[in-house]
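Engineer: Taking UniProt numbering, I'd label the letters of the sequence shown as residues 1 to 372.
Because the hints were derived from the structure by calculation, they are not lab data.
Don't take each hint at face value.
Stated by the list, open to error - Here are the simulated lysine-lysine pairs, DSS-like style, with alpha carbons at most 30 Å apart: (1) Lys240 / Lys278; (2) Lys304 / Lys105; (3) Lys173 / Lys237; (4) Lys19 / Lys80; (5) Lys221 / Lys291.
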Amino acid sequence: MGHQDDLRVLERIKAHYHKEYVIKPEDIPESYFNNQKRLAREQGHGDIEITEEVRGQLAETIRSDQESTLDNWIEYFSSKDSENFPVWSKYWAFTSVIKLSFYDKEKHAFSKRDKSTVAPFPDLNREALAYVVNAIVKKTSKENIPAATDNPEFRQLLQGSSFGKLYAYAIEKVTPAKESELINAKGEWVRYSKNSDHMLLVNSLQGHGTGWCTAGESTAKAQLQGGDFYVYYSYDKRGKPTIPRTAIRMRGSGIAEVRGVGPDQNLDPYIGEVVREKLKEFPDGKAYEKKSQDMKTLTAIEAKARGGGELSREDLIFLYEIKSHIQGFGYQRDPRINELIGGRDKRSDLAFTLGIPKEKISVTKEEALRGD
1 MGHQDDLRVL ERIKAHYHKE YVIKPEDIPE SYFNNQKRLA REQGHGDIEI
51 TEEVRGQLAE TIRSDQESTL DNWIEYFSSK DSENFPVWSK YWAFTSVIKL
101 SFYDKEKHAF SKRDKSTVAP FPDLNREALA YVVNAIVKKT SKENIPAATD
151 NPEFRQLLQG SSFGKLYAYA IEKVTPAKES ELINAKGEWV RYSKNSDHML
201 LVNSLQGHGT GWCTAGESTA KAQLQGGDFY VYYSYDKRGK PTIPRTAIRM
251 RGSGIAEVRG VGPDQNLDPY IGEVVREKLK EFPDGKAYEK KSQDMKTLTA
301 IEAKARGGGE LSREDLIFLY EIKSHIQGFG YQRDPRINEL IGGRDKRSDL
351 AFTLGIPKEK ISVTKEEALR GD
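Could you put together the complete structure from these sequences and hints?
Structural biologist: Okay, structure coming up:
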């Protein structure tokens, strides 16, 4: 690579790799669309239909995000910024990147990519990449590698020469927000206004391994068309607010979702108070917290029931809305409530929940009026 001076050549290279490695619409698995239905259901929207038009829109977003994340690598390896890397090391890294999917924070590894992978290509973390390339170049040249001298884990990874494993190691052990940086939750909120330049948001997230789909250009653009986007950045070692920790995405004037950088985009252990304080600024902040918690609880109960597990007294108190109404993000009552209750013995459930004899329970208005 090295075509930074001829943009036409660079664009042809991009087009070639897009054709070879970006997912084709017909290869998007049905499980992806089913997952969109599941997510909508878990948010309380009920059973939605994904039309052909929506399928096309989702496919275009997936493809566009894959193209832009792949372009990041192509542009970097073609730029002067990487001219100190030997050509063979760029080839080694790039031919590995096109085989990698998303980074699994719990498994500490990249998933493998195939023709049906919908995830974007890995984030380009320049510091982690330089760490890996420098180490592999020294190994090839039989030079001393200080980082491996007292580190058996890294030494073993170098022996295997797997770019994916080395890059994962570098992302997690060398360049990430260290535990000490996470503990220090001091930082700043940045508001990206509706319809503003989405690339400012994308560039602030790229390379930080947040796991947020907003790091993809098309997704970020679409989300900013829907409303404002707030990101909280904690301070890095230089005292600059550059480390993404949590985000609040708006849909119109209401909160659409809150994300963190923990596993499954949950909040990390140290950022909760920052988010709670921020939510107070929004008219629906308190309501959002209840809706979010209610949907998580209902989803957990549904999974337990489907798996044949016994519902606890706390589960039933929640399901029968004894203490408070279940609130979700849909316009109607979450259909899962009636589905879960429909197949159960209401009298037995309420007797167990309320601690009174089954024969004293009334489950209809008529029974209550008769005194049954």
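Engineer: Now tell me if each hint is right for this structure.
Structural biologist: Against the structure, the hints:
Under the criterion of a C-alpha separation no larger than 30 Å, the hint pairing Lys240 with Lys278 is consistent with the structure, at around 20 Å. As the CA atoms of Lys304 and Lys105 are separated by approximately 25 Å, the hinted pair is consistent with the 30 Å bound. For a cut-off of 30 Å, the pair hint linking Lys173 to Lys237 stands: about 16 Å separates their Cα positions. Proposed proximity of Lys19 and Lys80 is supported: the alpha carbons are some 26 Å apart, at most 30 Å.
For the proposed pair Lys221 and Lys291, the alpha carbon gap of about 26 Å is at most 30 Å, so the pair holds.
Checked against the numbered hints given earlier, this structure breaks none of them.
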